[in-house]
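If you read the protein sequences in the order shown, they are chains A and B.
For any residue, its number in our numbering is found by taking its place in the first sequence, counting from 1, and adding 2.
For any residue, its number in our numbering is found by taking its place in the second sequence, counting from 1, and adding 362.
No wet-lab data here; the hints were simulated from the structure.
Hints may contain errors.
As the list claims (entries may be wrong) - Computed cross-link-like contacts, BS3-like style, restricted to lysine-lysine with a CA-CA straight-line distance of at most 27 Å: (1) B/396 with A/138; (2) A/138 with B/628; (3) B/623 with B/570; (4) B/395 with A/138; (5) B/693 with B/707; (6) B/442 with B/455; (7) B/566 with B/628; (8) B/380 with B/442; (9) B/397 with A/138; (10) B/655 with B/623; (11) B/655 with B/707; (12) B/455 with B/396; (13) B/396 with B/442; (14) B/456 with B/393; (15) B/393 with A/138; (16) B/456 with B/442; (17) B/456 with A/138; (18) B/448 with B/395.
What the hints assert, rightly or not - Ranges between beta-carbon positions, derived for each pair: (19) B/606 with A/268: 52 to 60 Å; (20) A/196 with B/440: 17 to 25 Å; (21) B/399 with A/269: 44 to 52 Å; (22) B/522 with A/189: 21 to 29 Å; (23) B/500 with A/32: 41 to 49 Å; (24) A/207 with B/400: 36 to 44 Å.
Glycine residues also receive a C-beta, built at the ideal position from the N, C-alpha and C atoms.
Given next are the chains, with one letter for each unit.
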Amino acid sequence: MGAMLPVLFLMDISLGSVWIPLSETLRVLSGEEAEKTTWGIILLQFRLPRACTALLVGSGLGVSGILMQTLFRNPMAGPFVLGISSGASLGVALIVLTMGTLSGIAAYTLSTWTIVLAGSTGAALVLVMVVSVSAKIRDSMSLLIIGLMFASVTGAIVSVLQFFSTAEQIQQYLVWTFGSLGALDWEELALFSPVVFLGLLVSYAHIKPLNALLLGERYAESIGIRMSRVRLGIIGATSLLAGSITAFCGPIAFVGLAVPHLIRLLFNTSDHRLLLPAIALGGANIMLFCDMLAQLPGSEQRLPINAVTALFGAPVVIWLVVRKRNIGNTL
Amino acid sequence: MTISHRTMDGKIRTTSKKYALQTNNLSVGYKHKKKAHVILSSMDVTMAYGELVCFMGQNGVGKSTLLRTLSGIQPPLAGKVWLGDKDIASLSKKDIAQQLSLVLTEQVPAANLSVYELLTLGRYPYLGWDIRLSSQDRELIDRAIALTHIETLLAQKLHTLSDGQRQKAMIARALVQDCSVMVLDEPTAHLDLNNRIEIVLLLKQLSKEVNKAILMATHELDLALQVADRLWLAHSDGPLLTGIPEDLVLNGGLDDTFRLKGYDLKTGRITYRTTQHLSVHIQGRGYAYLWTKNALERNGYPLVSSSDGAEVSVLLTGTEESPLWQVVDEKTGNKPMLEVDTVEKLLTLLSTGFPWTV
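Let the sequences and hints guide you as you build the complete structure.
Following this line, the structure appears as structure tokens:
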């Protein structure tokens, strides 16, 4: 998998609506001038940041997916079960769907930063609510239900907002929900990547409680794990990862759910010491692969990344469930 | 705590004994809307090192609540729990985990864990964040494997194990935790008879070989009476009774707790009601005598101790390997006796009517 990563990375940045020979791509990457200056610009300003984004998004979603699956001991949990994406959606919807009407500013003038800010604020607010409610309850299962309820509420509010919005506003909101890996330039990546790296580090710092959680919360406590603190740590790492990814790239489905299962099947282990790095790598690979699929070969069009991950992810999940019969056994 | 006893030469000797676990005036229960619901109260119990304690009582008397309190999961409503010489309330989760290990009734959700991986989890109270096992950790794991005889299971995933194997693995994991106290909540539930006996004997052996205080909540009265060093009997209306099994049988403590119907604790047997009119006297010894008696009692024949008051006498003849039963009609003293070679035939003979016309 480690060897696949540079290959997929190269393939991803070689493919696109403009054909750039592999030798030229390598030359640009090694810091030299390309044969055509436009090729250099395309590679350095568009494709490279997009491939880097794909790496970060894939790793982050995969890892936050397994954090949630292990915390809730539920194979169907994913990065967004705590309502993070619903919160972000609500934030973005509030900005995109009401901005034009309130201030007269045309919706399309909203910058990436505004949307990122709206998304992360929304995600953070919902998360704070979920966590403060979770402080009152003792078990993680209730937390899962509360996350789902918050998701329903925010979904309803977004529907109401859409009902009162113009077609242009709704379209801009929809474009955001499609997800995009290409919205980030180097400046935004400079903020995005440290946040994702921090999230990955915090996740890896939790390998011990994660492994202990394999026995269930009561056993975990009996071998010295402080569940209340650990639950917050795991939720914190998930929020950093899933929250920042949703804010910058939109809600990207299925990667967080499917990648942990794929890696578990591949390695046949539950040990998080191995699983976390493997999932980070695997997630990055799969995201690059999905990004290549999204760029329809030989066409100018680019499919929404969210559609590609779901088209790819759903059959994988179905295949897994059919093959494993009892998918709970692999957790 | 000190214990005084008189030695053979008549002197009084006192020995001081340190307990692995001890409670002072402990009350357990739960708080609901700031109101305390006491389930078991004023308990002063002790567990010595190397002691296997069976904790019994009917469902719903608060066994689980007491276990949770003793293992520091739930705070006591009053009183204190001492782990060694420390108040459990003053210990962190990690400190408790180094002194008390648990085997719970709940199924472990991690079915894809191998047995060896499960055992390494037992070392977690001693490991840092990167969970690196030292050679000493591995030695302790190997020792637990040897003690529980699970060498052949190590590579297997948990979901492939039988119930008995899984329970042994869970006990091995608790052993790896290297604590002075081990608490098990109904470790023999869902097991068949063979596995039950194996698990209970394993716990008994561990308490002696590794000098652990083992507390086991159980419903297995017959097994508990035979292996437990001490019983704790929880009662819905009354104090917790403790003592060695034999004392609790003789002083009626067990009867009060279980209110058994149709079971005579003092003989350890079911009490049979007589349903037949034919009184029988059995004459003989050995296993054949024992099981003939069992068969007749089970079928409701009143047994009498001498042939004088009996209507029928059964005389055991033959050898230990091939016993024979001779039936004598005591009323007529008829000597032509009937002889059968199985218990079943004897029962048929007795039930087909008396007196027989030969």
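Now for the hints, and whether the structure bears them out:
1. The hinted pair formed by residue 396 of chain B and residue 138 of chain A meets the criterion: a straight-line CA distance of about 15 Å does not exceed 27 Å.
2. Distance restraint check for residue 138 of chain A and residue 628 of chain B: the Cα-Cα separation of roughly 51 Å exceeds the 27 Å cut-off, and the hinted pair is therefore not satisfied.
3. For the given pair, residue 623 of chain B sits about 35 Å from residue 570 of chain B by alpha-carbon distance, which is inconsistent with the 27 Å threshold.
4. Using a Cα cut-off of 27 Å, the hinted pair residue 395 of chain B and residue 138 of chain A holds, with the two alpha carbons roughly 14 Å apart.
5. Our distance criterion of 27 Å between C-alpha atoms is met by residue 693 of chain B and residue 707 of chain B, whose separation comes to about 22 Å.
6. Our distance criterion of 27 Å between C-alpha atoms is met by residue 442 of chain B and residue 455 of chain B, whose separation comes to about 17 Å.
7. Between residue 566 of chain B and residue 628 of chain B, the direct Cα distance comes to roughly 23 Å. Compliance with the 27 Å bound is thereby established for this hinted pair.
8. Of the pairs offered as hints, the one joining residue 380 of chain B and residue 442 of chain B holds, with about 16 Å between alpha carbons and a cut-off of 27 Å not exceeded.
9. The hinted pair formed by residue 397 of chain B and residue 138 of chain A meets the criterion: a straight-line CA distance of about 18 Å does not exceed 27 Å.
10. Simply put, residue 655 of chain B and residue 623 of chain B have alpha-carbon atoms about 21 Å apart, close enough for the 27 Å limit, and the pair holds.
11. The straight-line distance between the Cα atoms of residue 655 of chain B and residue 707 of chain B is roughly 15 Å, inside the 27 Å bound, and the hint therefore holds.
12. At roughly 25 Å between alpha-carbon atoms, residue 455 of chain B and residue 396 of chain B fall within 27 Å of each other, so this suggested pair holds.
13. Proposed proximity of residue 396 of chain B and residue 442 of chain B is supported: the alpha carbons are some 20 Å apart, at most 27 Å.
14. A C-alpha spacing of about 25 Å is found between residue 456 of chain B and residue 393 of chain B, which places the hinted pair at or below 27 Å, so the restraint holds.
15. For the suggested pair residue 393 of chain B and residue 138 of chain A, the alpha carbons sit about 15 Å apart, so the restraint of at most 27 Å is met.
16. The suggested pairing of residue 456 of chain B with residue 442 of chain B holds, with an alpha-carbon distance near 19 Å, which does not exceed 27 Å.
17. For the given pair, residue 456 of chain B sits about 23 Å from residue 138 of chain A by alpha-carbon distance, which is consistent with the 27 Å threshold.
18. Of the pairs offered as hints, the one joining residue 448 of chain B and residue 395 of chain B is violated, with about 30 Å between alpha carbons and a cut-off of 27 Å exceeded.
19. Checked against the given bound of 52 to 60 Å, the beta carbons of residue 606 of chain B and residue 268 of chain A, roughly 56 Å apart, stay inside it.
20. Residue 196 of chain A and residue 440 of chain B have their C-beta atoms about 52 Å apart, which leaves the hinted 17 to 25 Å range violated.
21. Judged by the Cβ atoms, the range 44 to 52 Å given for residue 399 of chain B and residue 269 of chain A holds: they are separated by roughly 48 Å.
22. Checking the proposed 21 to 29 Å range against residue 522 of chain B and residue 189 of chain A shows it is violated: the Cβ atoms sit about 53 Å from each other.
23. Checked against the hint of 41 to 49 Å, the pair residue 500 of chain B and residue 32 of chain A passes, with Cβ atoms roughly 47 Å apart.
24. The given range of 36 to 44 Å is respected by residue 207 of chain A and residue 400 of chain B, whose C-beta atoms sit roughly 42 Å from each other.
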